[in-house]
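**Student:** Sequence:
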Amino acid sequence: MSFTADDHRHMSEALRLAAKGRFSADPNPAVGCVVVKDGEVVGRGFHRAAGEPHAETLALQEAGARARGATVYVTLEPCSHHGRTPPCSQALVEAGVASVVSAMHDPDSRVAGSGHDQLARAGVAVRIGLMEAQARELNRGFVSRHERDRPWVRVKLAASLDGLTAGADGRSQWITGEAARADVQRWRAEASCILTGIGTVLADDPRLNVRLSGFERQILRVVVDTHGRLPDRLRLTGLPGRVLLASCVEARAIEGVEWWQLPLGLDGRVDLAALLQRLAAREVNTVHVEAGPTLSGALIEAGLADELLVYQAPVLIGRGRPLLELPGMEKFDDRLHLRLVEQRRLAQDWRFLYRFEN
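Sequential numbering of the sequence shown, starting at 979, is according to this note's numbering.
A couple of the hints might just be wrong.
Stated by the list, open to error - Dumping the calculated DSS-like pairs for lysine-lysine here, alpha-carbon to alpha-carbon at most 27 Å: (1) K998 <-> K1015; (2) K998 <-> K1134; (3) K1134 <-> K1309.
Simulated from the structure, these hints should not be mistaken for laboratory data.
Work out the full structure: start from the sequences and follow the hints.
**Tutor:** Right, dumping it as structure tokens:
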């Protein structure tokens, strides 16, 4: 299917609009929409939060009567079902648009092509696939949840030049500088949940919240705690928002904590694949992991980590806690290959984003 330079320009704007919802739309996808009539943009919209109007609805409202006969550019197939809001495909038909250009099919089984089909049956010209890679990347967590039945998993690590995350005395605050630590907040804000292990909780008593000005959405915080050692009083349970405990023992009451009893994995710890599958059923799109070397390594060894977010500081520690524990990788030929996606300097530190090669 061919697309013109103008098609690309308008879809690029729709993607820029969609990106405005990346901190707030979860668990819904971030979607942008542009309505074009006679070469002029007459309506714009993006989905801000679950339960609020979708991008197409807002763009059509702005366009008004000018939407009739217009071309609509949308970053995701218009929904065709009644969820928290009415179906957008029907709204587009009723507005009398002439054509719809969408970046990708919606992987949600409730839509999965039916939105495009409804438009086509109503006589609306439909073209699909413009800038699909960019649209999938923007909503990689949402896509992962529906296509793989598990969230997208990002493991965040902070290390010295000699690959250590804490000194021999256990101290780790702070390896990186203020700019790197502030940058982490934005990655937390894009996620559906922050996941850690009981070892980190007992050692550091972290808050695991998002500290960004104006950020409103409460992030789910998940603690992997095989033997149910979580104390009754912690900083993370004293803050607003939900805390979920993934354990293999019977639940006990802890104020502010939802307890999930999960099966044991082959390594004698919480079955991480089962945890991720259950999180997907909970509409968790992206898991941001801030844990110690054992849990982080277990996710990687199990093939459940999709990317590594690595902050490297220009310091040497000498002896201390390693970046990862990967006991199943004993030979050089067992090494895992990663692809560098992005690198950025943050004051004196560097941030690297790696993805695992398939």
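**Student:** Could you run down the list of hints and mark each one as holding or not?
**Tutor:** Status of the hints after comparison with the structure:
no.: 1; hint: K998 <-> K1015; verdict: holds (24 Å)
no.: 2; hint: K998 <-> K1134; verdict: holds (23 Å)
no.: 3; hint: K1134 <-> K1309; verdict: holds (25 Å)
In summary, this structure violates none of the numbered hints.
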